[in-house]
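Chains Z and G, in that order, are what the protein sequence lines are. Each residue of the first sequence is one higher than the last, beginning at 54 in my numbering. Each residue of the second sequence is one higher than the last, beginning at -2 in my numbering.
There could be a bad hint or two in this list.
[What the hints assert, rightly or not] Non-contacting residues of chain Z with respect to chain G, defined by C-beta distances greater than 12 Å in every case (computed):
| id | residue |
| --- | --- |
| 1 | Leu204 |
| 2 | Val315 |
| 3 | Thr323 |
[Claimed, not checked] From the structure, some residues in chain G lie toward chain Z, with a derived Cβ separation under 10 Å:
| id | residue |
| --- | --- |
| 4 | Asp93 |
| 5 | Asp160 |
| 6 | Thr162 |
| 7 | Glu163 |
| 8 | Ala201 |
Hint data in this document are derived by calculation from the structure and do not stem from the laboratory. Predicted model, so just to flag it, every value in this text is computed and none were measured. Glycine included, C-beta positions come from ideal geometry on N, C-alpha and C.
Residue strings, one per chain:
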Amino acid sequence: MNCGGYSASTQKSRQALLRGQAQEAIEHLNQQIDEDSQSSEQLLLALERSMARLQAGQHKEANQDLRRADDGLELLDYTKANLQELGVYLYSDDTAPYRPPPFEKAMINLFNMINYLAQAQWSSARVEARRLAVLNSFWQGELDQQYQKELAQVKKLIHWMNAFTYLVNGDLALAKKEAEFGDFVLPVVPRKANGKRYSPVLLISGSGMVPHRKAQRLALGRALLYIGPHHSWDAHQRAKLARIQAKGLMKWLNFPSLSQAVSGGNESCTLNRQTVPPLLSLSLSQLVIKDFERSKPQFMIAAITRLLSRVTLGALGEELGKRAKGSAVGLLVGLLAEGSLAIADTPDTRSWTSLPDQLKLYWFWLPPGEHQIKVDNRSYHGQLRLKVKGDGHPLVLTFPRLQMNSASHRHTNIN
Amino acid sequence: MTISKYIPLLLCGLLIALSYTGCGPRFLRSGDSNDFESAAMSTRLDRKDLIGMFNEASKALQSGGLMKHWQALHRDGRQATLALLSIENETSEHVDSSLKTLAKKLETQLINEGTVTVLSRSNQPELLKEIQNQEGKAFDQARVASMGRQLGAQYLLTGKLYDITEKSAEARRVQYFLFMQVIEVETGAIRWQIEVERLKGLQAG
Chain Z
54 MNCGGYSAST QKSRQALLRG QAQEAIEHLN QQIDEDSQSS EQLLLALERS MARLQAGQHK
114 EANQDLRRAD DGLELLDYTK ANLQELGVYL YSDDTAPYRP PPFEKAMINL FNMINYLAQA
174 QWSSARVEAR RLAVLNSFWQ GELDQQYQKE LAQVKKLIHW MNAFTYLVNG DLALAKKEAE
234 FGDFVLPVVP RKANGKRYSP VLLISGSGMV PHRKAQRLAL GRALLYIGPH HSWDAHQRAK
294 LARIQAKGLM KWLNFPSLSQ AVSGGNESCT LNRQTVPPLL SLSLSQLVIK DFERSKPQFM
354 IAAITRLLSR VTLGALGEEL GKRAKGSAVG LLVGLLAEGS LAIADTPDTR SWTSLPDQLK
414 LYWFWLPPGE HQIKVDNRSY HGQLRLKVKG DGHPLVLTFP RLQMNSASHR HTNIN
Chain G
-2 MTISKYIPLL LCGLLIALSY TGCGPRFLRS GDSNDFESAA MSTRLDRKDL IGMFNEASKA
58 LQSGGLMKHW QALHRDGRQA TLALLSIENE TSEHVDSSLK TLAKKLETQL INEGTVTVLS
118 RSNQPELLKE IQNQEGKAFD QARVASMGRQ LGAQYLLTGK LYDITEKSAE ARRVQYFLFM
178 QVIEVETGAI RWQIEVERLK GLQAG
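Given only the sequences and the hints, what does the whole structure look like? Please build it.
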């Protein structure tokens, strides 16, 4: 990992994805991925690759990445990594295992479901629907009301996706239950047209990219001002911080900040030249920003504690050096000790960086015949012509290349 | 300044460094390590779970009245015919391949015993799929009977796996419930049924 941390090491793949070069992004990520490793970084890289593979229409491979990350991150979730957590206060922010925020966990199962649906693997998608139901009830038991409120749109998306999944699995009762939980009405199934059945079509469009954490160096004084309301230091720590400031030492903190999101902008979706409003819009960038703001004071405290550890160790090295060889050597040993720790200190820039800024969901019933679907947003302009047979077979179209799940429907990607 | 004051800090550093060291990986085969063979590595169904489930289901089928009936028919030279449907996954775990293995194990045993004639799934995939689809919806007895006749099966062996999964900050627990049954095609009556339970979990540590 370079000194810019995780997000800097994945920059090339993000840029390729934003240019619409999914295969190039996959190749960048392949160079970094160790398929046998279960480290936090490797699991996150698998999540990044799953987004590139989804964009490239490689749904089966995307499922493999998502399942690997799902299993591995859950294991890390239940790992009491006390020693590594301690490292956050001694060495570096990213020594502790990565613990994804709730919305990222939900996205793992949601994107897994989307990839299964896109392959018409209805029963595997149903497994993901049940996993999301388990996650939802976990949130109800573990998260406070405010946090749950922030996740309201994610929950709604879960209910919509679950309803569609149960419906295509032939379980209307469960689909209706999801609609009831999500407080929405299921789109009405139209009557048969000339004895032929309508096909339910789900279109999931993602645009832009969420903000990611980046490494930043912040002067101690500024950091202390910021952290003031969030933390009270003990007398010993306060005295030490005052000494450091009084000495006029240029002490810097390594701290993550958040980049700007790549906005997906306004989106329009037309079906046979008629505008179709989305059933649901979810701003993942908003969730990323809220999660970062929530974690910021903790990052600051850890960064200042690391600074104190470095200064302490530097002083210890200086003392030991002085005793052995004199004051000049002592100073050098002290500076080396402090300096090496400062180099090892990388801020935690880990997160699922290639998630889209906006997710939009459309659901319509199509009669047999030829149809044209067009999606326009800032990061994607595309249209798709498809022929629906009239056998009622569901279709799932994914972003940003409109991929289709069914060989039973002839289609042309005009893009 | 005393050095002793910083000993805990140095020890912590040493412990962190040690936590990154360990033995290298090695490949294993059956019999190399009992711990490795029996240790649960996920909350899905593994070999040990499958063997346990198979043994329970097989034992119950062998000792049930239906098998005695089949054996009597066999002695009279009138062998019953059975079609094996897949075991449906109704859980929150991706265990489809485990369930296929379990169904295959049961099929293998029934074929080798020779008491009933087992109709191959691969010979009639479309028809079996249609019957299977019937199961997911309201059970249309007349339709299943008709399809069973087309298939030449007098009995259908089928199953469903359910789970109750609970997750907390300290653990995730998956309780599996496997239900298997034999349906008489002609009447739609359930002639044999069994429930087998298994528990898997992940505890913080």
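Right, here's what the structure says about each hint:
1. Leu204: Leu204/Z is indeed farther than 12 Å from all Cβ atoms of chain G, at 16 Å.
2. Val315: holds (33 Å)
3. Thr323: holds (35 Å)
4. Asp93: This interface hint holds because 7 Å falls under the 10 Å limit.
5. Asp160: This interface hint holds because 8 Å falls under the 10 Å limit.
6. Thr162: For Thr162/G, the interface hint holds, since the closest Cβ of chain Z sits about 5 Å away, which is under 10 Å.
7. Glu163: The hint holds - Glu163/G has a Cβ within 10 Å of chain Z, the shortest such distance being about 8 Å.
8. Ala201: Constraint on Ala201/G satisfied, holds at 4 Å.
This entry satisfies every hint, going by the numbered hints stated previously.
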